[in-house]
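Asker: Note that my numbering numbers the sequence shown so that position 95 is 1076, with each residue one more than the last.
Note that these hints are calculated values from the structure, not bench results. One should not assume that every hint holds.
[As the list claims (entries may be wrong)] For lysine to any residue, the following SDA-like pairs were computed, each having C-alpha atoms within a straight-line distance of at most 25 Å: (1) Lys1067 - Gly1111; (2) Lys1036 - Ile987; (3) Lys1036 - Ile1118; (4) Lys1154 - Gly1173; (5) Lys1529 - Thr1450; (6) Lys1582 - His1521; (7) Lys1154 - Thr1052; (8) Lys1028 - Leu1005; (9) Lys1028 - Val990; (10) Lys1124 - Thr1052; (11) Lys992 - Glu1060; (12) Lys1124 - Asp1054; (13) Lys1554 - Thr1495; (14) Lys1067 - Thr1056; (15) Lys1036 - Thr1052; (16) Lys1588 - Thr1450; (17) Lys1570 - Ser1470; (18) Lys1582 - Asp1492; (19) Lys1578 - His1463; (20) Lys1067 - Glu1057; (21) Lys1529 - Ala1459; (22) Lys1067 - Thr1144; (23) Lys1124 - Gly1173; (24) Lys1578 - Val1591; (25) Lys1529 - Asn1445; (26) Lys1028 - Thr1056; (27) Lys1529 - Ser1500; (28) Lys1582 - Asp1566; (29) Lys1092 - Glu1119; (30) Lys1570 - Glu1559; (31) Lys1055 - Tyr997; (32) Lys1373 - Asp1320; (33) Lys1373 - Ile1563.
[Claimed, not checked] Ranges between beta-carbon positions, derived for each pair: (34) Asp1418 - Thr1541: 35 to 45 Å; (35) Glu1150 - Gly985: 20 to 30 Å; (36) Asp1418 - Asn1231: 39 to 49 Å; (37) Asp1555 - Thr1503: 16 to 26 Å; (38) Asn1164 - Thr996: 44 to 54 Å.
Just so we're clear, the structure is a prediction, and the values are computed from it rather than from any experiment. Cβ coordinates follow ideal geometry from the N, Cα and C atoms, glycine included.
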Amino acid sequence: MPSGSIEVVNKDFETYQWYDNGTLVQGATNHTYTPTEAGDYYVRVSKGGCTYDSKSISAYYCNPDVVVNKTADKTEVIEGDTITFKITVESKGLDAVTNVNISDVIPAGLKICSAEASTGSWSEPNWTVGTLTSGQIETITIKAIVNPMTGTAVSSSLTNTVTNTQDQEDSNKTTDAPSVSFNILRDTDADGVADVNDIDDDNDGILDTVEGSNDIDNDGIPNSLDLDSDGDGCPDTIEAGIPAVLTNTNVTNGYGTNTSNNTITNVTNAVINITNNPIGSNGLATSLETNDTSTTSTNYTSTYSTYALDAATNVCGVAMITQVYQTNTERWIEITNTDATNIVAPNAAIIALFKNTSGDQTDNTPTAFISNTNAINPGESLLISAGTVSNKLSTASEIVDTNVTDFDDANDNIALTRISNTNAWASRIDVIASIEDNTSYVRIDEVSAPNKTADATEWVAFINDNIITYSDLVNDNAIERHAHDPLLSEIATANDEANIKPGLRRFQFTDRTTVLGSSVWTNGYPDRSRNVKVSEDYNHTGKLSARKLEVKESSIFTITDNLLVVTNEIIIKDTNDEIRLISSDNTNKAQLIQTHKTASKVTGNGKLLVDQNSTVPSKYRYNY
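I would like the entire structure built from these sequences, with the hints used as guidance.
Answerer: Structure below.
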């Protein structure tokens, strides 16, 4: 080639049809054929109803002709996905071409992750092929990952072109196809649905059409892509009340359009967990949509416009269970907003009862549930009762629901959650389990955050007064208690500033010290759930109870004619610190009792003074 014919020597056939690389050549029906391009040719002949194919004959150009083609497996590819390129190189010249090199400079926005060549070697961007003989075809397969897009455009068009060099001059007799064009599509939430097709681009469960393109907090991110539209630190998922299992992600908040001053913080519950709540083809969680189309509506009542666009109101308060009370005549659950500044939005705290069950409740629907109908203000508590709460705080809010308070026999789970369906357990915030009859469980004050796993060590059990105290330990099968165990009667008569008071909750220790000239308990009145500290000289004339007690700051703590009962640790810190048990008469009423069942828990360098009248002169007598 470019001149030369192929001829059938035996011309004794009825028909002739020539083929080029397996493709029928139109009009080529003679016993001779003159190829117009390099290729593999054969002729199909027939005679007497039989057909025969000749052997293939290769035709090459006299001058070097290196043919380079490139293809891609996709014309559209989203961020984070992989695109596969295939490059083929073929020699269609008669003589060998040497030092063949293919250069493939991958466009910015892609990162090569692998390259496999049929011959030669690869060192980005060069594929060193070497020598190609006539008709030799070699390939390389290159896989590249799409990097995150910059800017705000939803798509970017790219073209990737390869070039070839060799020792000989390429005649380019055959047209190359060295370029591929494709579009990179933004996928903001990495859910596999490109933003151009995604009706919830940031995977917060709120339709992009609801959020809109405005930038309410002026941080350079439109609301539809901003996980915290108003920039108040509380994610839109919480402020909109999204009823789905949520998970953490990085949230960007800024200071005006100067994005260099933006801060990126890992925020709890900022996006939908698509493992628990799979998305539809439209990019919205299927559990939130009425149908899987681009025009669907959501099936929940959103508070997005109420809270997510109002930076002055933050609803990221944290609810937790702080007391659970059970008797034959009275049952209630106390939940408290632990946050000092933010509210818990209406219907954001759901109490779910899993009755007559234990352990993991994944995919189980709660037996009953109830949510807060009004916001829970910072530091305030809500009581959910069966109808009666004795001695409750006068200002406490209460909701009556006999179904969710139907717990007994120590075989129920109570979860504080954000969802009431089969995802209730997966979205739980707090849990308490195995509530004994005629018992109240009070959360200890060191615990200031909810716990998804029921933990008995976080609670103090106030038990039935009618349980008999320890007596004859031999042949005695009765349930017994310590004479000074925490009792239900203490809750019925609780001080208005005590944590055991229904409807009141304070976190961390309370300290006896002077504030603004007055001697006060700084954080509520002591009770058997409290960590109590005394940091000044103080004489207490009534019974005092504590879970832990520390006397410090060179203080003398005096109990006169009353009981001091402590469950666990007593620390008399330094040499100038003292606990004094003082009796004003001969009745010896001042007593100190610890009720824990482990080894000694009295520590420190201070002193314990017991002032008692002893009518039994004995050198063996001692106190504490």
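Asker: Check the structure against each numbered hint from earlier and tell me which ones fail, lowest number first.
Answerer: 4, 11, 15, 16, 21, 26, 28, 31, 33
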